[in-house]
Amino acid sequence: MEPVISIKDVLVKQGEIFSLSIENLELHFRRIYTLMGSNGAGKSTLLRTMALLTLPERGTVRLADAGAGNLAQQRQKVTLVEQSPYLLKGSVSDNLAFGLKLRGIRRKEQKKRIISALALVGLEGFEPRKANELSGGEVQRVALARALVLEPKVLLLDEPTSSIDSKSLQAFEEMLSQLPENGVTIVLATHDRFMAERLGGEMLQIENGRILDRSHRLSEYNSTKENQVWPKLLNAQGL
Amino acid sequence: MGSLDDSLMTAVELLFNLDREVWLTIWTSLYTSSCAIVFAALIGIPIGLWLGISRFRGRRLTITLLNTLMAMPTVVIGLVLFGLFSRQGPFGLLGLLFTPWAMIAGQTVLATPIVANYVLAAVSGSDQRIMDTVLTLGATRFQASVQLLKEIRFGVMAAVIAGFGRVIAEVGVAMMLGGNIRGSTRTMTTAIALETSKGEFAFGLSLGIVLLSVALIVNLFLNLLQQR
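For the protein sequence lines, the chains are V and H, in the order given.
One gets our numbering by counting positions in the first sequence from 1 and adding 1 to each.
One gets our numbering by counting positions in the second sequence from 1 and adding 135 to each.
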């Protein structure tokens with residue numbers, strides 16, 4: 002099966018000292034990958050490279066089904082949620098609608114998808130709230146909803162739980178663990194080894210801009226038909 | 136010239152009696168400055184945005200040149216455009232010299248570097264995550280640039296207002312390219328210079344009051360925007 006992301010012989014330089022160097026990395030559909038590594042190991046750079054925000058000096062980053070479209074069209078296959086995400090000025094709803102408008106989704110469907118995505122991250126009724134009045138944890142969850150609403154093939158998450166309280170953490174991890182069954186590949190950078198172990202999937206150890214180790218682990222979260230994520234989204238949309 | 140008090144009274148009377156000449160002069164100033172700032176915004180905003188988000192060889196030099204243009208004396212702009220628009224100049228056939236359009240052209244040249252510099256400062260000072268966020272949501276580089284302008288809209292408005300404040304208060308361009316023709320190219324600033332030299336202190340003062348009021352309103356608005 003064709004990998005969802007294929008990275009070959011990539012070199013990304015950042016300043017004089019740091020460089021990310023990946024010889025060969027293939028990530029497959031419907032899986033969870035966790036990037037582990039110390040500060041400055043290259044996790045965020047690798048995520049930005051996968052999101053096609055940082056273009057390598059050498060080598061190729063290929064996304065499945067991206068065709069020969071322009072960079073913006075290719076980027077629409079992946080969505081990156083950064084560690085301290087930026088919310089656009091306006092309401093929460095404006096933020097979630099932004100990417101949908103770019104994809105030509107009609108207003109009626111936009112509204113349904115926005116309601117469902119906010120429900121997924123536990124922020125029901127937040128549509129009219131002003132983005133600049135949210136707490137750090139709410140910002141992070143709105144950013145996640147803004148990514149989920151686009152139903153991306155690949156979801157890239159950089160330390161997604163850094164501002165999320167422990168009460169919401171389990172629900173968040175359960176929701177994440179169900180995304181692969183709904184056709185989403187997750188690549189998540191984290192320092193939290195326990196979280197990586199709970200989520201399962203493949204763990205990639207990265208240090209000094211190089212992948213040192215890969216290991217598999219089963220998720221601790223049960224994924225039953227009842228608690229799958231996309232069916233919830235689709236049901237909410239009446240599809 | 137009478138006492139300052141008498142002149143001030145006459146100036147207020149001229150304004151409130153809707154003296155046609157006073158109002159025509161005010162209108163010419165507002166009209167030419169407004170047209171100039173629209174053109175300056177159309178040219179200056181994209182330049183400032185481009186310099187703010189692009190990285191290319193010679194960028195620093197371009198920014199230095201832009202800063203130099205900001206400090207260019209108005210009479211120099213007037214002189215250069217006078218040469219271009221005069222009968223022997225390359226654009227002489229257009230017959231623009233001593234018309235409001237020549238003034239608009241000169242004021243556009245004056246305001247464009249100001250608008251571009253303010254926009255550049257707003258882009259440079261903006262949150263670096265904006266472009267990445269918008270790009271990762273699937274925008275093209277053009278769409279992302281438009282969104283960036285929306286995010287820093289108060290900075291952009293401040294740029295336009297600063298440019299407007301500069302052109303409405305300038306004398307050199309209006310005098311050299313407009314010629315201070317009564318009822319056609321006479322602006323508040325050129326009229327003040329002329330009338331005061333003729334001894335019509337009250338007339339000059341009435342225009343001075345309006346000019347100060349416009350400058351005050353513009354600056355209040357600018358202040359308000361900078362606080363947001």
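Please note that a few of the clues may not be correct.
[To be verified] With a Cα cut of at most 25 angstroms, we get these calculated BS3-like pairs of lysine-lysine: (1) LYS131/V with LYS333/H; (2) LYS154/V with LYS131/V; (3) LYS90/V with LYS113/V; (4) LYS168/V with LYS154/V; (5) LYS333/H with LYS112/V; (6) LYS154/V with LYS109/V; (7) LYS285/H with LYS90/V; (8) LYS131/V with LYS109/V; (9) LYS102/V with LYS112/V; (10) LYS131/V with LYS168/V; (11) LYS102/V with LYS285/H.
[Unchecked claim] Simulated restraints, written as ranges between beta carbons of each label pair: (12) GLY193/H with ARG108/V: 37 to 47 angstroms; (13) THR61/V with ARG195/H: 31 to 41 angstroms; (14) ALA328/H with GLY105/V: 54 to 64 angstroms; (15) LEU214/H with SER85/V: 28 to 38 angstroms.
Because the hints were derived from the structure by calculation, they are not lab data.
Yeah, the Cβ is synthetic: ideal placement off N, Cα and C, and Gly gets one too.
Status of each hint after checking the structure:
Annotation: proposed proximity of LYS131/V to LYS333/H is violated, straight-line Cα distance about 59 angstroms (limit 25 angstroms). At roughly 29 angstroms between alpha-carbon atoms, LYS154/V and LYS131/V are farther apart than 25 angstroms, so this suggested pair is violated. Under the criterion of a C-alpha separation no larger than 25 angstroms, the hint pairing LYS90/V with LYS113/V is consistent with the structure, at around 21 angstroms. Note on LYS168/V and LYS154/V: the hinted pairing is violated, with a Cα-Cα distance of about 28 angstroms set against a maximum of 25 angstroms.
This hinted pair does not check out: LYS333/H and LYS112/V have alpha carbons roughly 68 angstroms apart, beyond 25 angstroms. At roughly 23 angstroms between alpha-carbon atoms, LYS154/V and LYS109/V fall within 25 angstroms of each other, so this suggested pair holds. Simply put, LYS285/H and LYS90/V have alpha-carbon atoms about 9 angstroms apart, close enough for the 25 angstroms limit, and the pair holds. Distance restraint check for LYS131/V and LYS109/V: the Cα-Cα separation of roughly 21 angstroms lies within the 25 angstroms cut-off, and the hinted pair is therefore satisfied.
Proximity of LYS102/V to LYS112/V is assessed by CA-CA distance (about 11 angstroms); at most 25 angstroms being required, the pair is judged to hold. Restraint check for LYS131/V and LYS168/V: satisfied, since their Cα atoms lie roughly 24 angstroms apart, inside the 25 angstroms limit. Restraint check: the Cα-Cα separation between LYS102/V and LYS285/H comes to about 16 angstroms, which is no more than 25 angstroms; the hinted pair holds. About 45 angstroms separates the C-beta atoms of GLY193/H and ARG108/V, a value consistent with the hinted range of 37 to 47 angstroms.
Range check, THR61/V to ARG195/H: Cβ separation about 33 angstroms, and the 31 to 41 angstroms hint holds. The hinted range of 54 to 64 angstroms is satisfied by ALA328/H and GLY105/V, whose Cβ atoms lie roughly 58 angstroms apart. Evaluation of the 28 to 38 angstroms hint for LEU214/H and SER85/V yields a failure: the beta carbon distance comes to about 52 angstroms.
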